[in-house]
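Asker: Same order as they appear, the protein sequences are chains A and B.
Take the first sequence: its letters are residues 1 to 293, numbered as in my numbering.
Take the second sequence: its letters are residues 1 to 437, numbered as in my numbering.
Hints are computed from structural coordinates only; laboratory data are not their basis.
For every residue, glycine included, the Cβ atom is placed at its ideal position computed from N, Cα and C.
Keep in mind that a hint or two might mislead.
[To be verified] For each label pair, taking beta carbons as the anchor points, the in silico distance ranges come out as:
1. B:Lys316 x A:Ala15: 38 to 46 Å
2. A:Leu25 x B:Lys242: 56 to 64 Å
3. A:Val76 x B:Asp419: 43 to 51 Å
4. A:Val76 x B:Lys242: 39 to 47 Å
5. A:Leu25 x B:Ala74: 21 to 29 Å
6. A:Ile136 x B:Lys242: 21 to 29 Å
7. B:Asn49 x A:Ser48: 55 to 63 Å
8. A:Phe71 x B:Asp419: 21 to 29 Å
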Amino acid sequence: MEKRAQFSSRWLPYALVAPQIAVTLVFFFWPALQALYWSALLQDAFASRTQFVWFDNFEALFQDSVYLASFKVTAVFSVLVAASGLAISLLLAVFADRVLRGARTYKALLIWPYAVAPAIAGVLWMFLLSPSIGVIAYALRSAGIDWNYYVHSGQALLLVIVAAVWKQISYNFLFFLAGLQSIPGSLVEAAAIDGAGPFRRFWTIVFPLLSPTTFFLLVVNVVYAFFDTFAIIDATTQGGPVQATQILVFKVYQDGVQALDLGGSAAQSVILMLIVMTLTVLQFRYVERKVQY
Amino acid sequence: MYKKSMVIALLGAGLLAASSVQAATEIQWWHSMAGALGDKVNEIAQKFNASQSEYKVVPVYKGQYDESMTAAIAAYRAGNPPGILQVFEVGTATMMAAHGAIMPVYKLMADAHEKFDPKDYLPAVTSYFSDTKGHLLSMPFNSSTQVLYINKDAFKKAGLDPNKPPKTWPELEKDAEKLKASGVACAFTTGWQSWVQLESFSAWHNVPFATLQNGFGGLGTRLVFNGPVQVKHIQNLGNMAKKGLFTYVGRKDEPTAKFSSGDCAMMTQSSGAYANIKANSKFEFGVSPLPYYPDVKGAPQNTIIGGATLWVMTQKNKEVYKGIAKFFTFLSSTDIQVDWHKSTGYVPITLAAYEEAKKQGLYTERPGFDTAIKELTNKPPTPNSRGLRLGNFVQIRNVIDEELEAVWSGQKTAKQALDEAVKRGNELLVRFQKANQ
């Protein structure tokens, strides 16, 4: 049976959704269109001279081998951030779900990192691991490990991934925990009575039932890795060494905000926008099919 | 919400009333001097405001150099730019190319009939910010250059003479070997690698960094820092990195902490780091000129500056220009300059202030404190050592940083890296030329 709300007046439904549409138009569509327009412009920082150059900015980007290389870095970075972020927080949520004593404290502590701004998260990790002033870096060196993420690209990538994941774990944890708590206990108990061990119960009952949450978090985490991580990189590696941590969004920030190349930066953000749109569509078309609501 | 807007309205009305009573013309000064430096900036403005009643300079901290520049450009686009904007040397070409956005200092001073002679200022400072005709475009403010810091205690421990810092790069390498043998974890490091090891290095050895007099001659300039002298130097540093004699710890100021903590025994870094090192180190340190290669003809020439200058942005209210001109005269006065030099470590911008500091015995009291000025005034600047005028310079420095890191980590030879940096940098110059033609 279908349930339908009936409105007596014809304009009321439109009036009710109007604020939301207005917000979406002003804060999402307008900037997106502006980025699209700017990506076709070549102008100096003061906009004292503006030329319409069609696709020159895009052409310049795709001729730049360094820009193309940063796609690879972004892919590696995003996959690792999303995958390890989801895996670790799911593990923590499963543990937290089973904790009986001190559960509130445990949960509250796990949520803390989410209150930390990405830039601060970057600075915190920098203070721990910076080759010049880091506490952990000092310990690593005395253990004979040549820790210097300004030279070793693997270490640099590891650092930004750890910082980005650490920052996002709380958010994922919250949703996973809520998801776990909404799974009826009777299902799990029934399986237990049938002789299914904890691992079996998790994979055959809990994990499938969690899939809507997991899917939602997958989308959110990919978007997070693509867009919200530049502050972490700015505070730690600044894209280096060489281009080891040069992800697409950081280059947008560097070229646009630091170097004031607005056309080039707008072109990059248009590309970024297209990538995330494609990814989201793909996720909804192919991953969502496996989701059981 | 209603209450809030009422408060704002009342405040606004109050401000209007106050300004009409005082009738002093307000001059906004956007700067990037944080901490102790910011206090000094406020002090200078206060002194100026107290010295007369017609104008009021209001200093506003707008974040780091790139941030305040972005903010000022946004304000200009919105039609309300500050009167004075502090811009780092890297932003010079961008500011110069801004048609109608800036008021050149030489013109400002002439229009206001302020007494002003560019010859009173340190030539190495003014040459960086003058056009090809020698007209000064922005007012020098905080200028520094590159020096070599050594840890004297570490030198003693390694059996080296702490009063004989290495004068040349070959000497530096030998000292680094001895330091390493004595158990020093990091013998040598450098801050701001592009600025120290390529930009100023080229000037110091009188070889060009870019064509058309390092960009002073026009927008058609192209990078040429992949010449034999630079390649040899970068390869040397790369080899030192391989042997563990040179430790790279970051693109900007990060190495200063590594030197202050005693981890690194030698460091090439901005002379502006002096106060910081003095406050944070527990050992005796020495300041000496940047090393050079004795086999390069004409070396050492003079180093180039870093730091920032004050740009005047176009104003609707012409009265503001007069106030700024008066303020610049005040800023260049000997007392203010000596005090600024003494408390910050930046070089004094006028020759008179330098003489005065000498007379007061500042350099016998703090040996090595005048190294920066000596380097800057070592010889009259040549087209290779006046400075750099490159568009998209922030991005070019990023490119150089990336390519140099490939040398330090052994992924590329110096020649490969510098060739690639020149190629990528030139693409950025072409873009800048297109945008500004």
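Asker: Of the hints stated earlier, which fail here?
Answerer: Hint check: 3, 4, 7 fail, others pass.
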